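A.B. asks: These protein sequences, in sequence, are chains A and B.
Reminder that position 31 of the first sequence reads as 85 in my numbering, one-by-one numbering, no gaps.
Reminder that position 525 of the second sequence reads as 910 in my numbering, one-by-one numbering, no gaps.
Source of the hints: derived by calculation from the structure; they are not laboratory data.
A quick note: this is a predicted structure, and the numbers were derived from the prediction, not measured.
Every residue gets a Cβ at the ideal spot worked out from N, C-alpha and C, and that includes glycine.
Incorrect hints may appear among the rest.
Claimed, not checked - Label pairs and their in silico Cβ distance ranges:
hint	chain 1	residue 1	chain 2	residue 2	range
1	B	ARG638	A	ASP177	31 to 37 Å
2	B	GLY456	A	ASP170	47 to 53 Å
3	B	GLY451	A	ALA222	58 to 64 Å
4	B	TYR890	A	GLY86	32 to 38 Å
5	B	LEU521	A	THR175	54 to 60 Å
6	B	TYR593	A	LEU123	27 to 33 Å
7	B	PHE409	A	LEU123	57 to 63 Å
8	B	PHE409	A	ALA161	53 to 59 Å
9	A	VAL182	B	GLY451	24 to 30 Å
10	A	GLY86	B	GLY632	52 to 58 Å
11	B	ASN835	A	ASN68	38 to 44 Å
12	A	THR224	B	SER453	42 to 48 Å
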Amino acid sequence: MIEQLSTYAGDIDNLILLMTVLVGFWFFAAEGMFFWLIWRFRAKPGVKSQYLEGHEPHVMKWITWPHGLILICDVFIIIGAVQVWYNVKQRLPEPDTTIRVIGQQWAWTFQHPGQDNELDTPDDIFTVDDLHVEVDRVYHFLLESRDVLHSFSVPVFRIKQDAIPGRAITGWFEATGTGDYDVQCAEICGIGHGVMAARIHIEDSEQHAAWIAASSAAQ
Amino acid sequence: MADTAVATEHVDHHAGEHHGPQGFLKYIWSTDHKMIAMQYLFTGMFMAVIGGYMAYVFRMQLAFPGISVPGFGQVSPGEYNALVTNHGSIMIFWVAMPVLIAAFGNFLIPLMIGADDMVFPRINRLSYQIFLISALLLLASLFVQGGGFGGAWTAYPPLSAVGDYNQTAIASSMWLAAVALEFVAFLLGGINFITTLMNARAPGMKAYDIPLVCWMIVIASILFMLSVGPLIAGAAMLFLDQTVGTGFYDPARGGDPVLWQHLFWFFGHPEVYVVLLPAIGITIDIVATFSRKKVFGYKLMLYTTVATGVLSFFVWAHHQFIAGIDPRMANVFMVTTLLISVPIAELLFVIIATLYGGSIRLKTPMLWALAFIAEFLIGGVTGIFLGASGADIYFHDTYFVLAHFHYTFFPIAIIGTFAAFTYWFPKMFGKMMNDTLGKIHFWGTIIPFNFIFIPLFVLGIGGQHRRIYNYEHFPDLSSAGQYQLRQVATIALLVMLAFQLVFFYNCIMSWWKGKAAGKNPWEANTLEWTTESPPPHGNWPEGLPNVYRGPYEYSHPDREEDYWPQNEPD
Numbered sequence: 055m056i057e058q059l060s061t062y063a064g065d066i067d068n069l070i071l072l073m074t075v076l077v078g079f080w081f082f083a084a085e086g087m088f089f090w091l092i093w094r095f096r097a098k099p100g101v102k103s104q105y106l107e108g109h110e111p112h113v114m115k116w117i118t119w120p121h122g123l124i125l126i127c128d129v130f131i132i133i134g135a136v137q138v139w140y141n142v143k144q145r146l147p148e149p150d151t152t153i154r155v156i157g158q159q160w161a162w163t164f165q166h167p168g169q170d171n172e173l174d175t176p177d178d179i180f181t182v183d184d185l186h187v188e189v190d191r192v193y194h195f196l197l198e199s200r201d202v203l204h205s206f207s208v209p210v211f212r213i214k215q216d217a218i219p220g221r222a223i224t225g226w227f228e229a230t231g232t233g234d235y236d237v238q239c240a241e242i243c244g245i246g247h248g249v250m251a252a253r254i255h256i257e258d259s260e261q262h263a264a265w266i267a268a269s270s271a272a273q
Numbered sequence: 386m387a388d389t390a391v392a393t394e395h396v397d398h399h400a401g402e403h404h405g406p407q408g409f410l411k412y413i414w415s416t417d418h419k420m421i422a423m424q425y426l427f428t429g430m431f432m433a434v435i436g437g438y439m440a441y442v443f444r445m446q447l448a449f450p451g452i453s454v455p456g457f458g459q460v461s462p463g464e465y466n467a468l469v470t471n472h473g474s475i476m477i478f479w480v481a482m483p484v485l486i487a488a489f490g491n492f493l494i495p496l497m498i499g500a501d502d503m504v505f506p507r508i509n510r511l512s513y514q515i516f517l518i519s520a521l522l523l524l525a526s527l528f529v530q531g532g533g534f535g536g537a538w539t540a541y542p543p544l545s546a547v548g549d550y551n552q553t554a555i556a557s558s559m560w561l562a563a564v565a566l567e568f569v570a571f572l573l574g575g576i577n578f579i580t581t582l583m584n585a586r587a588p589g590m591k592a593y594d595i596p597l598v599c600w601m602i603v604i605a606s607i608l609f610m611l612s613v614g615p616l617i618a619g620a621a622m623l624f625l626d627q628t629v630g631t632g633f634y635d636p637a638r639g640g641d642p643v644l645w646q647h648l649f650w651f652f653g654h655p656e657v658y659v660v661l662l663p664a665i666g667i668t669i670d671i672v673a674t675f676s677r678k679k680v681f682g683y684k685l686m687l688y689t690t691v692a693t694g695v696l697s698f699f700v701w702a703h704h705q706f707i708a709g710i711d712p713r714m715a716n717v718f719m720v721t722t723l724l725i726s727v728p729i730a731e732l733l734f735v736i737i738a739t740l741y742g743g744s745i746r747l748k749t750p751m752l753w754a755l756a757f758i759a760e761f762l763i764g765g766v767t768g769i770f771l772g773a774s775g776a777d778i779y780f781h782d783t784y785f786v787l788a789h790f791h792y793t794f795f796p797i798a799i800i801g802t803f804a805a806f807t808y809w810f811p812k813m814f815g816k817m818m819n820d821t822l823g824k825i826h827f828w829g830t831i832i833p834f835n836f837i838f839i840p841l842f843v844l845g846i847g848g849q850h851r852r853i854y855n856y857e858h859f860p861d862l863s864s865a866g867q868y869q870l871r872q873v874a875t876i877a878l879l880v881m882l883a884f885q886l887v888f889f890y891n892c893i894m895s896w897w898k899g900k901a902a903g904k905n906p907w908e909a910n911t912l913e914w915t916t917e918s919p920p921p922h923g924n925w926p927e928g929l930p931n932v933y934r935g936p937y938e939y940s941h942p943d944r945e946e947d948y949w950p951q952n953e954p955d
């Protein structure tokens with residue numbers, strides 16, 4: 055897996071790990087049984103097949119037991135997935151900063167709140183295809199679209215959310231490390247979909263303050 | 386459903402060939418179910434070649450961005466989008482459905498239930514003709530001004546609805562009309578399958594004596610009929626948005642783009658089972674024949690299939706977890722989605738359990754049938770990751786999804802088709818296929834197939850998103866290792882495509898010079914093996930068969946032979 059740079063990236067990866075273990079067990083059990091049966095019951099001269107209906111209790115248990123066990127595995131996966139989902143998508147922790155993310159054919163516009171940390175005030179900083187955030191702060195993003203569907207995806211955060219024209223969808227993240235990473239558009243949005251790339255710059259508080267100051271001076 | 390079905394009464398009608406169209410016309414104007422099956426089969430295979438060519442072009446672009454692809458030229462972003470869109474549309478709507486349901490449904494249902502033809506032969510002919518028009522319309526849409534439609538096979542509005550956004554105003558309407566016509570064709574075909582199975586069975590054939598492949602095709606037809614209505618309504622609204630400028634999906638005028646997604650996936654998820662069930666039916670019939678075993682739990686299999694079908698109507702929103710639906714809804718749809726793993730696993734367990742105690746012969750059709758199980762399992766288990774909402778946040782629209790559904794659709798549409806084709810080839814053409822060439826083709830397809838899609842799983846886990854024509858704009862997706870994985874996938878595709886030449890060579894040579902097959906080369910039980918190969922018009926010129934037992938009475942302890950045809954009196 056790629057780097058985990060948000061507070062919930064580890065939770066999502068752990069869920070994936072849990073499923074890999076459970077699903078991997080079933081996969082190897084089924085494939086192992088399958089290939090063993092093919093080898094064990096290969097045609098041999100003079101050996102006739104057995105005549106089994108498949109309704110006999112002593113053979114039915116080979117179906118009903120796995121059936122029940124799969125159901126139990128499903129319950130574990132559901133519990134894990136609901137927890138992660140609730141944390142990432144349903145619950146919105148109080149924000150330290152709110153930004154606006156606007157998708158349009160074929161660029162991302164990012165509206166940062168500026169020095170007053172209030173969105174929709176005159177000192178807001180607008181950038182195209184470059185998102186600047188500070189590490190260890192809870193961000194809310196208000197996701198909008200001006201034309202077609204787009205999808206705001208930051209793989210190192212494990213977050214993804216479609217943008218829909220006519221709606222503002224709120225999501226959140228909190229970065230845990232610094233660096234520059236890809237922001238991808240994950241929903242096909244026309245001819246320029248492949249060039250709708252942006253970068254997220256995760257900065258520590260000094261760098262971020264310096265960036266705000268420099269950008270405010272330039273405006 | 387009546388316990389004893391009545392055969393159709395028009396045997397006399399079929400007695401003389403002079404009733405039907407003569408000469409070349411019989412190939413395009415025939416009402417014979419076998420001829421219509423061939424028409425569907427060859428149209429589907431032709432479309433598969435086009436879909437494969439598209440895959441070749443865009444995989445070359447992904448592995449070697451910017452090169453001039455031999456046989457195509459340089460790929461522009463618009464062309465790339467049109468290629469991936471039409472590759473998906475063709476492979477699902479113009480390959481998987483016509484071949485698995487229409488071709489094998491048409492060929493097998495009357496022959497397996499002992500009928501002389503479909504109950505509505507002319508509706509059957511109309512079904513193919515509409516299908517052919519839809520295919521031609523789709524192909525024509527690739528050559529109109531602006532190029533082919535490039536809004537993905539899911540055609541989400543507003544991109545698909547507004548010409549200014551997609552820049553392919555003509556092609557998007559043609560694409561949509563082609564899809565809608567294709568649905569009409571399959572509704573007509575489906576009515577025929579359902580009615581024929583219910584009404585035209587041979588005397589003595591009870592519900593549980595019907596071969597499972599027929600049940601599966603009919604259940605698939607029922608699922609299709611029940612799910613396609615909302616999508617046709619949705620398509621009509623989308624067509625109006627495109628052509629007369631209504632605003633059903635335009636939020637500025639009170640519409641909602643997400644509405645289309647609900648209508649599309651309400652159809653789109655059952656559609657997965659519409660094509661899956663015939664492939665499972667084909668597999669179970671072949672596995673029973675080549676392991677000389679009765680199917681393990683016939684009724685269990687049938688009921689499980691019905692349960693899967695019912696559940697499949699309650700899972701559609703797992704395609705939309707992050708599409709802007711109410712986040713609470715995701716929890717409900719995740720539960721239904723994971724529940725469907727139980728009946729699907731059970732279907733596979735039943736097939737695997739059928740091998741137990743068998744006497745397994747690894748002929749070419751059996752290899753394909755077994756490969757279906759081995760490969761589909763990979764598609765099945767990776768689906769769990771996407772059905773679990775928490776993990777889908779990350780995996781949604783990555784190459785993980787792409788690899789997952791190719792591990793379901795490739796076994797269904799390609800492996801399932803080759804299994805059926807090699808198994809029933811002797812019945813269709815009266816000749817045996819070359820088994821050695823068949824096995825070379827088998828391994829030359831299966832091994833490269835895994836080398837195409839396992840690298841794509843790895844890329845998807847690394848965060849690579851779909852439908853991007855050139856990754857050089859994304860620094861995190863441009864490492865040398867990632868390009869190597871893309872190249873492995875592309876080279877494996879080239880190898881796989883090259884091995885298809887073996888298949889075509891084998892078909893032509895076997896048809897031309899192959900050993901005569903006789904009535905029942907595989908020593909199978911079902912009724913299609915009791916008539917000539919290929920069956921004449923009317924299927925059983927000496928009178929339709931009677932049925933005395935179920936289709937899977939292999940290796941019965943009271944008998945010397947290890948098979949017991951359904952039509953043999955006790």
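A.B. asks: Decide, hint by hint, whether the structure agrees.
C.D. replies: Structure-based check of each hint:
1. At about 35 Å, the CB distance of ARG638/B to ASP177/A agrees with the hint of 31 to 37 Å.
2. Taken as a hint, the range 47 to 53 Å is violated for the pair GLY456/B and ASP170/A, whose Cβ atoms sit roughly 59 Å apart.
3. Against the hinted window of 58 to 64 Å, the Cβ-Cβ separation of GLY451/B and ALA222/A comes to about 38 Å, which falls outside the hint.
4. Roughly 36 Å separates the CB atoms of TYR890/B and GLY86/A, a value that falls within the hinted 32 to 38 Å.
5. For LEU521/B and THR175/A, the hinted distance range of 54 to 60 Å is satisfied, since their beta carbons lie about 59 Å from each other.
6. One distance hint, 27 to 33 Å for the beta-carbon pair TYR593/B and LEU123/A, holds here, with the actual separation near 29 Å.
7. The given range of 57 to 63 Å is respected by PHE409/B and LEU123/A, whose C-beta atoms sit roughly 59 Å from each other.
8. Separated by about 57 Å at the C-beta atoms, PHE409/B and ALA161/A satisfy the suggested range of 53 to 59 Å.
9. The hint said 24 to 30 Å for the Cβ distance between VAL182/A and GLY451/B, and at roughly 25 Å that hint holds.
10. At about 56 Å, the beta-carbon gap between GLY86/A and GLY632/B stays in the expected band of 52 to 58 Å.
11. With their beta carbons about 28 Å apart, ASN835/B and ASN68/A fall outside the hinted range of 38 to 44 Å.
12. Checked against the hint of 42 to 48 Å, the pair THR224/A and SER453/B passes, with Cβ atoms roughly 46 Å apart.
Checked against the numbered hints above, the structure breaks hints 2, 3 and 11 and satisfies the rest.
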